[in-house]
Every structure is written in structure tokens, then in C-alpha cells.
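Chemist: Listed in order, the protein sequences are those of chains A and B. Reminder that position 6 of the first sequence reads as 6 in our numbering, one-by-one numbering, no gaps. For our numbering, add 1000 to where a residue sits in the second sequence, where the first one is 1.
By construction, these hints were calculated from the structure, which means they are not laboratory data. Honestly, I wouldn't trust all of these hints.
[Said to hold, decoys possible] With a straight-line cut-off of 20 Å between C-alpha atoms, the simulated EDC-like cross-links for lysine to aspartate or glutamate are: (1) B:K1194 with A:E76; (2) A:K159 with B:D1455; (3) A:K65 with B:E1420; (4) A:K177 with A:E29; (5) A:K177 with A:E217; (6) A:K177 with A:D108; (7) A:K241 with A:D113; (8) A:K255 with A:E128; (9) A:K241 with A:E166; (10) A:K124 with B:E1066; (11) A:K177 with A:D246; (12) A:K117 with A:D133; (13) A:K177 with A:E253; (14) A:K255 with A:E245; (15) A:K178 with A:E247; (16) A:K65 with B:E1501; (17) A:K124 with A:D168; (18) A:K65 with B:E1504; (19) A:K159 with B:E1348; (20) B:K1526 with A:D73; (21) B:K1194 with A:D73; (22) B:K1494 with B:E1348; (23) A:K255 with A:E169; (24) A:K177 with A:D115; (25) A:K177 with A:D111; (26) A:K65 with B:E1348; (27) A:K178 with A:E128; (28) A:K241 with A:E253; (29) B:K1526 with B:E1504; (30) A:K178 with A:E245; (31) A:K117 with A:D168; (32) A:K159 with B:D1462; (33) A:K255 with A:E138; (34) A:K124 with B:E1504; (35) A:K124 with B:D1455; (36) A:K177 with A:E210; (37) A:K124 with A:E166.
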Amino acid sequence: MRVWYLLLALMAPNAMAAWEVNMRQGVTEISHAVYDLHMTIFWVCVAIGVVVFGVMFYSIYHHRKSRGAVSDDFHESTKLEIVWTAIPFAILVVMAIPATQVLVQMYDASDSDIDIKVMGYQWKWSYEYLGQDLGNGENLAYFSNLATPRQEVYNESEKNPNYLLEVDEPLVIPANKKVRFLISANDVIHAFWVPDFAVKKDAIPGFINEAWTNVPEPGIYRGQCAELCGEAHGYMPIVVKVVPEDEYVAWVENKRQQVAAARGITPTVASK
Amino acid sequence: MSAVIDTHGHEDHGPKRGFMRWVTTTNHKDIGAMYLWFSLAMFFVGGLFALIIRSELFQPGLQIVEPEFFNQMTTMHGLIMVFGAVMPAFVGLANWLIPVMIGGPDMALPRLNNWSFWLLPFSFTILLSTMFMEGGGPNYGWTFYAPLSTSYAPPSVTFFIFAMHLMGVSSILGSINIIATIFNMRAPGMTLMKMPMFVWSWLITSYLLVAVIPVLAGVITMMLMDINFGTSFFDAAGGGDPVLFQHVFWFFGHPEVYIMILPAFGIVSHIIPAFARKPLFGYSSMVYATSSIAFLSFIVWAHHMFTVGIPLVGELFFMYATMLIAVPTGVKVFNWITTMFRGSMTFETPMLFALAFVVLFTIGGFSGLMLAIAPADFQYHDTYFVVAHFHYVLVPGAIFAIFAAMYYWLPKMTGNMYPEWLGKLHFWLSFVGMNLTFFPMHFIGLAGMPRRIPDYNMQFADFNMVASVGAFAFGFTQLLFLAIVIITIRGGKKAEAKSWEGAEGLEWSLPSPAPYHTFATPPEVK
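Generate the whole structure from the sequences, applying the supplied hints.
Modeler: Below you can see the structure in the form of C-alpha cells.
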């Protein structure tokens, strides 16, 4: 397994290449399963395409008037109709089995280690760490804003490689822990999307949606809002920083103190 | 004792002269022609908006427009193309062709027909005028999800709702008229299972329209109430449900996309047999397949909403139902290809567009099948992959079929043959431009670019540039089509009654151009 992830890490810069044509494999077990589904259905389509277009281009070449082809008159065959109804149906049934399995897994957000409430706003995200008390009963929470300077957007200075995919305060989660996101929105509908985790869920005012991930390798993963939410829809990225567990514990403690101090709350000493 | 018996003949009646001819006409050919011209005009307006979008997306950064205006452009492009270009084009073809295909003298409800058309210019004038109002026009996407389109919308949204209502009334009346025509105006002997495929596809499409346009009217009326009368259908703060909007919208919206493709299926089912010189393979299975697709279109709507958080069981149901659509659609494609097999094919412009339709629509179908797989859809949803998918089914699907139909029946409409080499040039430029525009969108979508954003990271830059170049090539090519239509109306080689060697159907028994009134006496149908 480790070797596999290492290999993926090496391929990561490649995935950023500009002429990339395929879906990212991502970094989680689920994202790999989704990628495999994507490739399976893709090859199924290619196979069907080769057969169907093959027959079509064969006819176009051989059965053209300029080659002296004389048209036949057959125009009905119940047998054929049954065959080409049954075969695609069988292919679909076979395809539906792995798709169902992956979907069931994706929907199982139970037994999470950490719960984080993700709120969409016009046009930024907020992250609230449930159970991380600031000292007054409120949880540790903060906003995450686009960090790309205006000059880069208006072409007045050179764009950095993470143009539009960088924030002031990333979401921080520990590696190898099941993290559950409770997703909602404050104003209009947004969508929380991190492609490398294959997590995409709409953030809807009045609803709390669930999604989860378990990221094996520390790293920085970037995504964007995926539901039109107004003027700055393209300017509310998501950056997730995945760190080793001990580093995460230290970060939470530090962040808790920092946010509490900034708000003038006396923080409780070390939480659970 | 004053029963009016109309004994004088009508053959000598020509159209009125001048502008009033078009305002007061009840003639299906006049109204069909107006629909087609209106649709072409909207096609250019919507195309202009598309080119503004593609100009901004030519490279990263903001160059040409601001994000707010960009959102207006994506919204208006979608609305204009769906409701202003594709739908009226098919209704125009239906008006022109259905009476002559079934051997009827005109549409069943000619005055209603006039009104159906004349609602449209007003509807779209209102819609376009919103762009000049304070706060700008619609900027919430053509799917206008609440609450972005209600509590957070510009004030012009009420005008948008009114424009959509007018458009909806026009569509409902138009489809009622088509149903009434098909059931009442067929020549004796023209049984349902002898009807041409275009007529069949429009009969089914009309039922879809009658069923779902009122649903659209309902959802926009709920919006209107939320915005102006203090209700909270979609406002969570008042106990409303933003997801309800999406359920109602897509219950309309999914059949709507079939409304834009079923008539195209009908058209292609005429053109392929004509140029393969071989009868359509599996006529009755084509009818059943089209009906199955129409039925399935009512039970798959939530596949547009895989990420809203519907329960697992719901997700599975909609995934399976959506995958099922591939079966009847596949049957249609197999039938077309078997029609070509052992035919005697030639490749005039209508056939080229029809063949491109089969190949490229199938590619759009493949990406549709991929999107149906719910877990994979979490990665595709609301990215450029979706944009690529629906443009593959709508541009080389609906629009190529409309071009194919125009080239195929233009000799019947105008009495002149279009210049074949220009038609072929139009096809090849469109084919290359269209693929250059939309194929790279699959790649940028899979790489992770969301749709409806005016600006993007450099990793998406190269393919976006390719797509923009393609869009300009495709867009300007369409001026060539306008030129061809004008040239053909003004003159050219005289068309014979049966303009194509392999053409079948009652319309080809009429002289070219078809007289103003046709089939005042019903023809014999064997």
C-alpha cells in the first residue's frame, strides 16, 4: 500500500500539467474507487463506440453509391431488436454493481473521528471544529478567504502557480482519521468540492449535508466552490491541509488559544 | 335557412401583401417560416453571448468583462439558446412540415398558431431588455436555482419570470395545436403506424411539453410569490426549502432536454433512409424507443441533483433509471446504422449533418452514461465535463439536426437547390469548429475546472484557449449558413418536386416550392 501512495505522490506534479486529459486519481481510498469506476465506464463506452462506429464507417465506405452499391430492402428484424436491447441492458447491470458498492461506501459517514461544520457564505467558507470549545461554549471556528491578490486577477502582476486556489487560512485535518464534514450554507447554495478526496456536496441553507474523507498522506489539497453562488463564485476556493495527527493536535490547541485571545475569551486549558 | 356552404375554391388565394401578411397570417407555412427566422436570429444573439464568454475565458485573469456581467452572459446564453433558438426552430419545422407530411390542409388551430408565434418576439424582447435594467439581467444561471434567483436576484427577475411565462404559454399552445393537428388532420389511410417519424417524434414531444411546461410555470410562479408577495417556498429562513426548487425545476428540466432532442431523432430518421436509399430499419421499434425515452424522462430528474444530499435509496433509484435510458437510445442508434448497412449512400449536406449527428450525439450519450454513475458524478458534477456533455448532445445533436432538416427541406420551401459546395463547406467548418470547442471541455472538466467561473488557474489554460479558438471558428461559420439561406431564397438551380432521389413522403408529391395552400383535397395514402 505504502509503495502505491509513494508512487502517487511522485505522479502528483504530473497531474498539475496543463495538458492533463484525465480525471485525477486523488489520494483517498474512495477517490481511487471513483477513478476506477470512471475508467471502467470509459472503457465500456470506448468498446461500444468501436463496434458501433466500426459498423457505421464500414457501411459508409463499402455501401456508397459511388462504389456501385445497390441498396438492399431489409427493414425489420425482431430478433435483432431484442438482441440489441438485451446486450446493453446486461452491460448496464454489470456496471451498476460496482457503482452501487462505491456509493454505499461514500454514504457511510458513521463512526467519524472528527466532525467539522463547513458553512458556505457569499463568498468564503467557514470551518467550525465541533467539540473544540473556546471557553465560552462556542466551538473553534474561522473563515477561509481567497488569498490571491487583486493585481494578479487584473493581470497587473504575474500569477503564482496557485492562482485562485489559495486561501489565508486553510482547513486543517489530521491524516489517517475519518473526518466528517457537516455542510450547510448561510445565504445561497454553494458546493464543497475537493477533487483529490472525491468529496462534493452541496451547501444548502436550511439543510445539513454529510460527507466524509480519510486522507492517508499529509499534504495540501485544493478545490473550489462548485455551485453558482453569485458574482464571486469563482473566487471562493477550498484549501485543505492534511497533517500528521500529533501536529494536528498541537495546531488545534494553538488555534483555539489564538482565536479565543482575539475574541477576548479566557480559553480553557487543553480540551479532550 | 342560412347555413353557409362554402363552395368557392381556395387555390387562387395568395398571401396578403406587405407587413400585415406576417402579422395576421394563419398559414402554417408562413408561421413556420417566421418561427425559423426568429430562431435563427436568437441563435445569433445567443452565439454572440457565447463568444463573449469564450473571449473572457481565452486566458486566465479578468480581461474583457467583470464577473457579474459574465454570469449574465452564461445565463442569457443558456436561456436564449434553449428557449429562443432550439425550441422555436423545431416548432417552426413542425409547423411547416407536419401538415404536408400527413396530407392535411393546415394546422388544426390556425389562429392559435399565429398567437403562439407572436408571443415569442415579445417574450424575448422583455427577456433581453432586462440586461439594460438597473442591477442587470438574469445572472443566476439558466437553471436559476433559488435562493440565488429569488432573495439574492437583481430586481429584473420579475421581468424574467414574465418573459418565461409568455414563452411557456406559446409552447403549450403550440404543442396543443400539434397534437390536435396530428389527431384530426391526417389524410384518410394515414394510420398512426404509417406516420412519418418526424410526425411521431413531434407527437411525443408535444405531450412532454403539455406535461412539463405547466410545471415550469408553477416553479416560476412560486419564485414570483417569494420575491413579491412575502411567501417562503424556497427561503429556508421562512421555513421554505431551496431543494424543492430543484426538484420542481428538474421535473420540468429533464423532459425539457428530451423536447430538444426527440424532434432531432425524427429528422435524422428521414434523412438517413433518403440518402441510404433504403427504408428506415425498425420503424415500429423506433416509435417504441422514442416513447420509452419520453416515459423515462419523467423519472430521472434527480440525476441533476446527485450532490444535493438525497438519501442513498433515492440516489440509487435515479442512478439505475438514468442508466436505463441508454437502452432505448442505443436501439435508435443501432437502427440508424442498420439502415445505412447495405444501402447505397451518397453524402449531400443533409446526410453529412445527419451522420455527424449520429456519431457526435452518441459521444454525448457516452458522457451521459458516465454522468449517470452517481459516485463518478460527484467528480463530474458542475464541472466543464458536464458542459462538454450537454453541448455534445445539443450542438451536433439538436442544432446539426436542424441544419440537416433545413438543407433537406429548403428545396421544398424555396423551390431552389442550395449551392451544394457551400453547404458542404458549412458542414466541414462547423464540424471542425464544434469539436475544437467542446472536446477539450471534457479534459478541463476532468482536470477539475468548475463551470460558470469567469477566471481559472493556469492548469486549465491551454485547453481553454483551444476551446475559445474553436468557438470563434464555429460562431463565424454560421454566418455562412445565413448567406446560403438567402442565396437559395433568391435563386439557384430549380428544385424538382422530389428534390432527392431517395426521398419518401407526401411532401415530395407537392411541387417545389410548395404552393401557399396544399392538400385542400386529401391525398390517397396506400
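Chemist: All hints are to be evaluated individually against the structure, with a verdict given for each.
Modeler: Against the structure, the hints come out as follows:
1. B:K1194 with A:E76: holds, 15 Å
2. A:K159 with B:D1455: It holds: about 12 Å lies between the C-alpha atoms, which stays within 20 Å.
3. A:K65 with B:E1420: holds, 18 Å
4. A:K177 with A:E29: Roughly 13 Å separates the two Cα atoms, so the pair holds.
5. A:K177 with A:E217: Holds, because 11 Å separates the two Cα atoms, which is no more than 20 Å.
6. A:K177 with A:D108: holds, 15 Å
7. A:K241 with A:D113: holds, 17 Å
8. A:K255 with A:E128: Cα-Cα ~12 Å, so holds.
9. A:K241 with A:E166: Holds, at about 11 Å.
10. A:K124 with B:E1066: This hinted pair holds, its Cα atoms lying about 19 Å apart.
11. A:K177 with A:D246: Judged against 20 Å, a Cα distance of about 12 Å means the pair holds.
12. A:K117 with A:D133: holds, 14 Å
13. A:K177 with A:E253: holds, 18 Å
14. A:K255 with A:E245: Judged against 20 Å, a Cα distance of about 15 Å means the pair holds.
15. A:K178 with A:E247: holds, 16 Å
16. A:K65 with B:E1501: Holds - the C-alpha atoms of E1501 of chain B and K65 of chain A are around 12 Å apart, at most 20 Å.
17. A:K124 with A:D168: Holds, at about 11 Å.
18. A:K65 with B:E1504: holds, 18 Å
19. A:K159 with B:E1348: violated, 50 Å
20. B:K1526 with A:D73: holds, 19 Å
21. B:K1194 with A:D73: holds, 18 Å
22. B:K1494 with B:E1348: holds, 17 Å
23. A:K255 with A:E169: holds, 11 Å
24. A:K177 with A:D115: holds, 11 Å
25. A:K177 with A:D111: Holds, at about 10 Å.
26. A:K65 with B:E1348: holds, 12 Å
27. A:K178 with A:E128: At roughly 16 Å apart (the allowed maximum being 20 Å), E128 of chain A and K178 of chain A satisfy the hint.
28. A:K241 with A:E253: holds, 16 Å
29. B:K1526 with B:E1504: holds, 13 Å
30. A:K178 with A:E245: This hinted pair holds, its Cα atoms lying about 12 Å apart.
31. A:K117 with A:D168: holds, 18 Å
32. A:K159 with B:D1462: holds, 15 Å
33. A:K255 with A:E138: holds, 14 Å
34. A:K124 with B:E1504: violated, 61 Å
35. A:K124 with B:D1455: holds, 16 Å
36. A:K177 with A:E210: holds, 16 Å
37. A:K124 with A:E166: holds, 12 Å
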